[in-house]
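Please build the complex by placing chain G on the supplied structure of chain X, with the hints as guidance.
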Amino acid sequence: MRGRAYDGRMRSDMRITSSVMDATLLDLPWDLPLDEWGEDDVVQLPKGISRHLVRFARLNGRVVAIKETTEEMASREYSMLRTLQRLDVPCVEPLAVIAGRSDADGEPLNAALVTRHLRFSLPYRALYSSSMQPSTAQRLVDALAGLLVRLHLVGFYWGDVSLSNTLFRRDAGAFAAYLVDAETGTLERDGLSDGRREDDLEVARVNIAGELLDLAAGERLDPSIDPVAVAGSIVEQYRSLWHELTTEQVIPASERWRIRDRIERLNLLGFDIEELSISTGDGGTTVRIQPKVVDPGHHHRRLQSLTGIDAQENQARRLLNDLDEYVAVQHDQRPNVGDEALANEWFEQVFAPIVESVPLELRGKLEGPEVFHHVLEHRWYLSEQRQCEVPLVEAAASYIETQLAYLRDEAALLNVPTTMTMPIVTQQDLQDDDDGVDWRDKV
Amino acid sequence: MASVTFDNATRLYPGSTKPAVDSIDLEIADGEFLVLVGPSGCGKSTTLRMLAGLEEVNDGRIMIGDRDVTDMPPKDRDIAMVFQNYALYPHMTVAENMGFALKIAGVAKEERAKRVEEAAKLLDLEPYLGRKPKALSGGQRQRVAMGRAIVRQPQVFLMDEPLSNLDAKLRVQTRTQIASLQRRLGVTTVYVTHDQTEALTMGDRIAVLKDGILQQVGTPRDLYANPANVFVAGFIGSPAMNLMSLQMSDQGVHFGQHLTTIERERLAKAKEGVIVGVRPEDVSVSEQGDGLPVEVDLVEELGADGYLYGHADVEGKRVDIVARVDGRNHATAGDTVYITPDPEHLHVFDKESGTRL
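One line per chain: the protein sequences are X and G, in this order. Mapping to this note's numbering: the first sequence position 434 is 434, numbers consecutive. Mapping to this note's numbering: the second sequence position 210 is 210, numbers consecutive.
The shape of chain X in the complex, shown without the other chains (with noise of 0.2 Å):
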């Protein structure tokens, strides 16, 4: 749409590209440059490390991401991350591209692009209280190979994959990844070659190493960490995934029931397959299997589609393993009952109680999948603790009272110092960094 003169803030020249139209993007300072918006425009949201401007701010009583950019990039970007989100790809919601915007002494601003801040998700830096724990460094590095094999299957090449470009949700004890940066990103429609993928792991395994070994300088690195091990190990987490997920595989005729093998262990891994290619070879003794098109979310299909519940797929298969078990009793009991309507009593007998008993006060703190899976874990200590079986009633009461009010909210977390912006320098800065250390101590 072409803009039109608004409060002032918006000149006659701007131009909003978007595909939701909402007129409370005009309230946004647009005639100033985004390093001098204030405090009621912008919110403090801890992010990664960035090349570009990126604050926050509340728009419609939702949070969203601007960055400043050129406009060519804030286009490019846009039309990406809407073609992403068109081949369901994790990733964050594109807004708006602002263009054409200048201040009051009508001197040209850079364009921004507008992206909706994803609910629940954290930046790796927002993952510890004190310092990184091995265990959350390995988890994100195993989410973030799975995001990149996705990536990779559907064609897109990142050119700059790192914990910084990526957000990150809480899932059932693990974490699912979300691609934040598409700005180097190109996508090949007809697959992305061996060296495209090669060179994104290469670049992720650098970024990793890079963003650890600071984490370590600034003494927030557990020190049982190696930086470079762990970065390094995002190869041999995607190249698995990556081998179960395309691999051929030769088989003979005989063994046909490996194919059924084979899907198992791709729906274990949470993939569906969609198109699968068998042909025989040597006369009909072997069969060749390859798997075409693998589509992700087979648990978060699977559950969504009996109960109607949005959740990561660690958390899905995990709500799936209680919903089969109450499926399976409750079919002993009542053979004649179908299972979409044990699974449609499942979730308002089991599922719902449990997630409307959290007080609404502590609704931000974490998503009612993830808030059901923890309290599935409660039970299992309370219970081994008591050595006899505690109603999940219990357990969910035990854990919103122990656990659950002392965690911070993390829908929008808020007061988290950030890491990207970098301050006037003081004559005192300077010298607090000559620390009297020498540099080839430390490099």
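None of these hints come from the bench; they were simulated from the model. Any given hint could turn out to be false.
Stated by the list, open to error - Pairs of lysine to aspartate or glutamate residues, derived as EDC-like cross-links and limited to a Cα-Cα distance of at most 20 Å, are as follows: (1) G:Lys351 <-> G:Asp313; (2) G:Lys75 <-> X:Glu36; (3) X:Lys442 <-> G:Asp167; (4) G:Lys103 <-> X:Glu93; (5) G:Lys169 <-> X:Glu202; (6) G:Lys103 <-> X:Asp438; (7) X:Lys442 <-> G:Asp22; (8) G:Lys75 <-> X:Asp103; (9) G:Lys103 <-> X:Glu36; (10) G:Lys134 <-> X:Glu202; (11) G:Lys109 <-> X:Glu36; (12) G:Lys351 <-> G:Glu272; (13) G:Lys121 <-> X:Asp441; (14) G:Lys210 <-> G:Asp7; (15) G:Lys75 <-> X:Asp194; (16) X:Lys292 <-> X:Asp322; (17) G:Lys103 <-> X:Asp441; (18) G:Lys109 <-> X:Asp441; (19) G:Lys169 <-> X:Glu107; (20) G:Lys103 <-> X:Asp194; (21) G:Lys210 <-> G:Asp25; (22) G:Lys210 <-> G:Asp22; (23) G:Lys134 <-> X:Glu36.
Below, chain G without anything else, positioned relative to chain X:
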């Protein structure tokens, strides 16, 4: 350091019948700064990515020094993509920011310190090695990022439009810095740009591509003075060369009533006629005479010089004309002037094939 050789290298994308890069033969000498230039979609970035190992080579081969790298993974090629990622780590010192990739590669500490120190000297960053990035200016931060690539001591630097995100002023500053740094380092460098001014000001040699085909390779002066075909003639130089299709006579071509002679041997090679080219600085402008009449549309004054923009009727077709004029003494919009070329600097191309005669 090493030379780079493209030997008949071809990239054909799946499902496409026309190669994105078509049988490129190109030798880049050890220590040379070569610029790949051409319009969008000409294959220049694909060529660079083939060298980087990011694009498959469907035919032919690529050598770095005497190593055939055609099927080698990117990380084993000993190349560095510069400016690919210039985010700096806030808690690490400048020295750590420059040297951490060496740590990952398992380079010993003394060697790391030595290489960082050398790079810092080259980049004028020595006084800042013990400081954190927050204490640096924007330009210094960019040099630290460059230092990250330098300390790896790669055989070849690759740069893909590294200045495209910068504003005009910083672009000019940075391109001078990159060119002078490359000369001090002496590392073979392949640089991609769509901007012919960047190509002319930075490269030892320039390779011009169009539609995946290498049009010409040469020094900036070669390309400017002796373009191999109409495309290179029009692409290199700003403002662009005046190009027009003129009828030949036995002796040469006519600019209006003015005969400009061309050797018979050159004319004999033309089949369907010629396209002649004259650079704006090689156009003589008179208020009267027998030259080609040009109606002046605009004169852009640049101080000592100016550029006159006008149009002429050449055999029933409107042709835009640019001529360099005296900044203080020139015609004005609406005037008619008469132009003739400097015969010493007249470029003649075959109308059918576009090649230089």
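* Between Lys75 (chain G) and Glu36 (chain X), is the straight-line Cα distance small enough, at 20 Å or below? -> Violated, because 41 Å separates the two Cα atoms, which is more than 20 Å.
* Measure nothing beyond the straight line between the CA atoms of Lys210 (chain G) and Asp7 (chain G); if it is 20 Å or shorter, mark the hint as holding. => 18 Å, holds
* Do the alpha carbons of Lys103 (chain G) and Glu93 (chain X) lie within 20 Å of each other, as the hint requires? -> Given pair Lys103 (chain G), Glu93 (chain X) is violated - Cα atoms ~37 Å apart, limit 20 Å.
* Asked: Given the hinted pair Lys121 (chain G) and Asp441 (chain X), is their alpha-carbon gap at most 20 Å?
  -> 18 Å, holds
* Asked: Given the hint that Lys442 (chain X) pairs with Asp167 (chain G), does the C-alpha gap stay at or below 20 Å?
  -> Given that 20 Å is the threshold and the Cα spacing comes to 35 Å, the pair is violated.
* To do: Could you grab the alpha-carbon distance between Lys442 (chain X) and Asp22 (chain G) and see if it respects the 20 Å cut-off?
  => 49 Å, violated
* Asked: Quick one, are Lys351 (chain G) and Asp313 (chain G) close enough, alpha carbons at most 20 Å?
  -> Given pair Lys351 (chain G), Asp313 (chain G) holds - Cα atoms ~18 Å apart, limit 20 Å.
* Asked: Does Glu107 (chain X) lie within 20 Å of Lys169 (chain G) when you go C-alpha to C-alpha?
  -> 15 Å, holds
* Compare the distance between the alpha carbons of Lys134 (chain G) and Glu36 (chain X) with 20 Å, and conclude whether the hinted pair is satisfied. => 19 Å, holds
* Pairwise hint evaluation, Glu36 (chain X) against Lys103 (chain G), where the allowed Cα distance is 20 Å at most -> 38 Å, violated
* Keeping to a limit of 20 Å between CA atoms, is the pair of Lys210 (chain G) and Asp22 (chain G) held or broken? -> 10 Å, holds
* To do: With a cut-off of 20 Å on the C-alpha distance, tell me whether Lys351 (chain G) and Glu272 (chain G) pass.
  => 6 Å, holds
Of the numbered hints given earlier, the model fails hints 2, 3, 4, 5, 7, 8, 9, 10, 11, 16, 20; all others are met.
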